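Line order of the protein sequences matches chains H and P.
FYI, the numbering for the first sequence is 632 to 829, going by my numbering.
FYI, the numbering for the second sequence is 632 to 829, going by my numbering.
Among the clues, some could well be false.
No copy is singled out in the list; a pair is fine if it fits within one copy or between any two copies.
[Stated by the list, open to error] In the DSS-like style, the derived pairs of lysine-lysine whose C-alpha atoms are separated by at most 30 Å in a straight line are:
hint	residue 1	residue 2
1	Lys-705	Lys-793
2	Lys-646	Lys-680
3	Lys-788	Lys-680
4	Lys-654	Lys-687
5	Lys-686	Lys-654
Rather than coming from a laboratory, the hints here were simulated on the basis of the structure.
All figures in this text were calculated on a predicted structure; none of them were measured in a lab.
Protein chains: 2
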Amino acid sequence: MIYPEEFEKLLEDFKLLPGIGDKSAERFVYAIDSLSLDKVNEFSENLIKYKENIKKCKICGHITNQDECNICSKDSRDKNTICVVEDSKSVFTFEKSGKFNGVYHVLGGLISPIDEVNPEDLNIRSLIDRINDDTKEVIIALNPSVEGEMTSLYIQKLLKEKNVKVSRLSYGIPMGGDIEYLDPLTIMRAIDDRKYLE
Amino acid sequence: MIYPEEFEKLLEDFKLLPGIGDKSAERFVYAIDSLSLDKVNEFSENLIKYKENIKKCKICGHITNQDECNICSKDSRDKNTICVVEDSKSVFTFEKSGKFNGVYHVLGGLISPIDEVNPEDLNIRSLIDRINDDTKEVIIALNPSVEGEMTSLYIQKLLKEKNVKVSRLSYGIPMGGDIEYLDPLTIMRAIDDRKYLE
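With the sequences and hints as input, model every part of the structure.
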């Protein structure tokens, strides 16, 4: 073993992070060298604090350090418009846009038979249970992938009996995109989802 | 603040790592989610253990968890052939090649007036002090950059009075490289360092 044991172990830990191989992990270990002991202590504690204190919101499944997330617990949010997303990452993305004032429902993944992810592995039952007579709309905001479409269809079917308005995000040309370089599927979707002008 | 506090803090910690911005740091935090608590505890401890136990070898400056690194303390290594490198990273690179049986001297950087790195900030004095009548050769193995050349020249000058054989790595065409795509400087160096065939 050419590395000291402590080096090797930390290297292996960094390699648990997505997209990090030997080279990057090595660079990370060297970076720890140049941090102060206080800073590394803090880093070490923050890892544990994150793992111990972060849980899923009991209403929507979004990550939080409380029983209810900061969105579900906010009075100003419209509790009757529910945006269904794949994961907490999507919630942050939507929140950064600042456009949406409803609440979310985090599925925790997408249905994918090939990866053995079935509907019962996802946070779908609790979505259906949340819907009541006051619910105005469920917006399905999943990726336009095979898994996204499959999950969307599954949810739509379940929601039918609930008699609630269901919508999905529009597909189309991304802002700043160039039509010349768009794939045929996106073009097709952009035509399907075209918006009539007044 | 859209992130929970624990999320935000860990995010900032990951951003201390080289080349890691908001997006990657966010992905890393999510990755921590999918690790077991035991694993995260271990990661957290390994950070501290690394920081607390890893120090510089008192002979060569290479990282180690002992007083002397595993190279300096190995009887089979030729203590009289010293390879001068920029950092411990280089030591590992050389060790991986398995070609070199001497010992190292880790400078801990390169002279760089623009970054205010002066000779006295580097592990140079201890290199000179190490050289004695038994020393057979000092191999300078620094990057062929302006800073590398500057540092190399500085060390060469100091070593002159020591009357020891000094060499540097050869410059030239990298194995697997294609001459067509080499920069003119490398071509020039490859001609300068050409090897006469018997």
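A quick look at each hint next to the structure:
no.: 1; hint: Lys-705 <-> Lys-793; verdict: within (25 Å within a copy, 74 Å between copies)
no.: 2; hint: Lys-646 <-> Lys-680; verdict: both (21 Å within a copy, 17 Å between copies)
no.: 3; hint: Lys-788 <-> Lys-680; verdict: neither (40 Å within a copy, 53 Å between copies)
no.: 4; hint: Lys-654 <-> Lys-687; verdict: between (34 Å within a copy, 21 Å between copies)
no.: 5; hint: Lys-686 <-> Lys-654; verdict: between (32 Å within a copy, 21 Å between copies)
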